[in-house]
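Enquirer: Okay, here's what each chain looks like letter by letter:
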Amino acid sequence: MYTGSITVADTPLLRYVLGRADDALVLGHRLSEWCGHGPLLEEDMALSNMALDLIGQARALYTYAGEVEAAGRDEDAYAYLRDVTSYANLLLVEQPNGDFARTIVRQLLFSAFIDPYWRALMASTDPTLAAIAAKAEKESAYHLRHASEWTVRLGDGTAESHARAQRALDELWPFTGELFTMPAGERALIDAGIAIDPETLRAPWRATVTRVVERATLTLPADGWMQRGGREGRHSEHLGHLLSDLQYLQRAFPGATW
Amino acid sequence: MTTAPGDLTALCAEVRRVASTVVDPEIPVISIADLGILREVVVAGDHVEVRITPTYSGCPAMNMIKSELEQAFATAGLAPVQVRLVLSPAWTTDWITETGRRQLHDYGIAPPAPGGDRTALFGTTTVPCPRCGSTDTTQLAAFGSTACKALWRCATCREPFDYFKCH
Ligand SMILES: [Zn+2]
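Going down the list, the sequences are from chains A and B.
Heads up, the first sequence is in this note's numbering, so the first residue is 115 and it goes up one at a time.
Heads up, the second sequence is in this note's numbering, so the first residue is 8 and it goes up one at a time.
FYI, nobody ran anything at the bench for these hints, they're computed from the structure.
One or more of the hints may lead you astray.
Partner residues aside, some chain B positions facing chain A, computed with beta carbon under 10 angstroms [claimed, not checked]:
1) Thr60
2) Tyr63
3) Ser64
4) Val93
5) Leu94
6) Pro96
7) Ala127
8) Phe129
9) Leu147
10) Phe150
11) Ala154
12) Ala157
Even for Gly, the Cβ is constructed at its ideal location relative to N, Cα and C.
One chain only, chain A, in its complex shape (with noise of 0.2 angstroms):
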């Protein structure tokens, strides 16, 4: 029984919690990678359970897209059974892990936008959503803090982590505007109180970024071109080799459970 590929209802709602839910099981899944890989035991047991933060809100907000849509579908379908243009998830976060230091980096970019994203999502008039940014904003708070450490211990470290630290702050930050850009839609349910203007977190966003920054005797790149599409669904081609080995099982056989 081959079930292919699920296209889903285009309704900015499901739109929205899609969105915020891919960029939670992409960011996870690349934390995953690290498992048995990571520089040092603690270090591997940090990313693994960050990424079990991660695929855990994935988990939550995907079951509410299914209770959103309402057309019989559950967490799996929408992990497992959609191809890489419906994937909505920011070009940050499907970024490969790289070395440690850029792993580092883009946690600490994602992390310091998410973090008060889900603070401020506490307060949407949407009770599913304001349930699920209340638990995530304890996890992401971590992160964040764990990030913005690693990137003081890299940035203020050796010659060679300062390096490399820097040269993945560099490389990253053309994916950072992505961050504060709205997709059609998204207007109306920041209007109605459901989601939130992304645009409202640029200042304090950048103030935390800078802080660490500044502390980790790093340089902060220049605002320059600035890369996106992830929210339409346009991604880097890193995304379709993630979603390879993610959804593998499931394609190849369909329905499997254990």
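Knowing the structure of chain A, use the given hints to seat chain B with the ligand on it.
Expert: Just chain B with the ligand now, with coordinates in the frame of chain A:
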């Protein structure tokens, strides 16, 4: 299961008592009631529902806790009691009871520091060693054996210990 209205209070108490015998699979000295995971027992007509809330979004113990609850109710002859996972209000370490905090401490896990500054960008918490009480301790890893614990070390007795993070 049919119940006269007068028995409702007794039934709720019995369901709660049985539910409280279930312990956290990862910290088997503390019951789910003392951990604050067991939220409420709701009786509506013939329908009895027990509500539990996850500690962390990705807590892998929730499925096991749910099946252990169902097992406990079946053994006690209270089936079918429904077990439902609720997300709101979000669990907080403030819900761990005094008994629970003592049990964690006696098990060698430092209980969460009340009012810990969770949102500070850089860690500053002081955690007393659960073995010798010394505050000359340092964090080794922010994420320990499970997502809800950090790994610390005591400079006085030289022992490592788990710290249940403030959440
Ligand atoms: Zn000690």
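Enquirer: Checking hints one by one. Is B/Leu94 an interface residue toward chain A, by the C-beta closer than 10 angstroms rule?
Expert: 4 angstroms, holds
Enquirer: Verify the interface restraint on B/Thr60: the C-beta must sit less than 10 angstroms from at least one C-beta of chain A.
Expert: Hint holds; B/Thr60 Cβ to chain A Cβ min 9 angstroms, cut 10 angstroms.
Enquirer: Under the criterion of a CB-CB separation shorter than 10 angstroms, is B/Ser64 in contact with chain A as hinted?
Expert: It holds, given that the least Cβ distance between B/Ser64 and chain A is near 3 angstroms, below 10 angstroms.
Enquirer: With a cut-off of 10 angstroms on the beta carbons, see whether B/Ala127 makes it to chain A.
Expert: Since chain A brings a Cβ to about 7 angstroms from B/Ala127, closer than 10 angstroms, the hint holds.
Enquirer: Let's test the interface hint: is any C-beta of chain A closer than 10 angstroms to that of B/Val93?
Expert: OK, holds: B/Val93 within 10 angstroms of chain A, min 8 angstroms.
Enquirer: Does the CB of B/Leu147 sit less than 10 angstroms away from some CB of chain A?
Expert: At 6 angstroms from the nearest chain A Cβ, B/Leu147 passes the 10 angstroms test, so the hint holds.
Enquirer: Next item in the hint list is B/Ala154. Is there a CB on chain A closer than 10 angstroms to its CB?
Expert: 4 angstroms, holds
Enquirer: Mind checking the CB of B/Phe150 against every CB in chain A and telling me if the closest is under 10 angstroms?
Expert: The hint holds - B/Phe150 has a Cβ within 10 angstroms of chain A, the shortest such distance being about 4 angstroms.
Enquirer: Regarding the hint that B/Tyr63 lies at the interface with chain A, is the smallest CB-CB distance below 10 angstroms?
Expert: 6 angstroms, holds
Enquirer: Against chain A, run the beta carbon of B/Pro96 and see if the smallest gap drops under 10 angstroms.
Expert: 7 angstroms, holds
Enquirer: Using Cβ atoms only, decide whether B/Ala157 comes closer than 10 angstroms to chain A, and label the hint accordingly.
Expert: 9 angstroms, holds
Enquirer: Grab the minimum C-beta distance from B/Phe129 to chain A and call the hint holds if it beats 10 angstroms, violated otherwise.
Expert: Since the shortest Cβ distance to chain A is 6 angstroms, the answer is holds.
Hint compliance for this structure: every hint is met.
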